[in-house]
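For the sequence shown, this note's numbering assigns the number 163 to the initial residue and increments by one for each residue that follows.
No lab work stands behind these hints: they were computed from the structure. On a predicted model such as this, the values are computed, not experimentally measured, just so you know. Incorrect hints may appear among the rest.
[Unchecked claim] Label pairs and their in silico Cβ distance ranges:
1. GLY264 / THR285: 16 to 24 Å
2. ASP280 / GLU228: 22 to 30 Å
3. GLU332 / PRO248: 32 to 40 Å
4. THR288 / ASP326: 15 to 23 Å
5. ARG237 / ASP366: 28 to 36 Å
Every residue, glycine too, gets a C-beta built ideally from N, C-alpha and C.
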Amino acid sequence: MLQTLLNKLSAHPGLWGFLRRVVEDGFDAEKDVIARELQPWRDAGQRRFLDFGCGTGEFSICFPAESYFGVDIARHYIHYAGRRRPGRYAVMSGAGLGFASGSFDGGLVLGVFHHLPDDLVRTAITDLHRVLRPGATLLVMEDIPSPRPWNVLGHLMHWLDRGDHIREDEAYRALMQPYFSLRRWYHIKSGICDLAVYVLDRTDDPVILHGEAAAARQLDAGA
Numbered sequence: 163m164l165q166t167l168l169n170k171l172s173a174h175p176g177l178w179g180f181l182r183r184v185v186e187d188g189f190d191a192e193k194d195v196i197a198r199e200l201q202p203w204r205d206a207g208q209r210r211f212l213d214f215g216c217g218t219g220e221f222s223i224c225f226p227a228e229s230y231f232g233v234d235i236a237r238h239y240i241h242y243a244g245r246r247r248p249g250r251y252a253v254m255s256g257a258g259l260g261f262a263s264g265s266f267d268g269g270l271v272l273g274v275f276h277h278l279p280d281d282l283v284r285t286a287i288t289d290l291h292r293v294l295r296p297g298a299t300l301l302v303m304e305d306i307p308s309p310r311p312w313n314v315l316g317h318l319m320h321w322l323d324r325g326d327h328i329r330e331d332e333a334y335r336a337l338m339q340p341y342f343s344l345r346r347w348y349h350i351k352s353g354i355c356d357l358a359v360y361v362l363d364r365t366d367d368p369v370i371l372h373g374e375a376a377a378a379r380q381l382d383a384g385a
């Protein structure tokens, strides 16, 4: 019964977005990270940014309208964003982004990968690598398990969000390599939710690592 109610709520983009803004303090923490890490207003109009899994286009206001491209698999969310938000929007999935290689100077993935199994994350990462130009920055923010057991509301929100693949730091980082190198990562609190922030650089020549080599690289990145 509760799952049915959640499905009905998420079918209404405006209402779902409002509820998310309430529990995440207007997404102020995420917007601060975008401004700091992507600096979208530097050289305004001369750079192009891709918001992968943009939903209702909540974060389009963080970018110059002419520089922002939002894509999402949910057609009703894209229609909502296109009518109410600045920027350009299209219905696409991570299995085949309809852009030429090297089309974007920066990318944003916010609250997407914790909904996807490992194989789909790897597929999306591969195509994000393709559409981002050499030297581009990819900013990823994802839900992580709350380090505070008493954060009951945070744990409840994760369940209500229907994110079936909320991972620990190490798992997210492993999925994003070898196509991106980790510049830095840290944690933020967005309302009642705990998020991990990953600032990544596009790797020119991906080198796939396995087993102990991959683990060693992860440790080096965290040093």
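Quick rundown of the hints versus the structure:
1. GLY264 / THR285: 16 to 24 Å: holds, 19 Å
2. ASP280 / GLU228: 22 to 30 Å: violated, 35 Å
3. GLU332 / PRO248: 32 to 40 Å: At 37 Å between Cβs, range holds.
4. THR288 / ASP326: 15 to 23 Å: holds, 22 Å
5. ARG237 / ASP366: 28 to 36 Å: At roughly 35 Å between Cβ atoms, ASP366 and ARG237 fall inside 28 to 36 Å, so the hint holds.
In summary, the structure is inconsistent with hint 2 from the numbered list given earlier, while agreeing with all the others.
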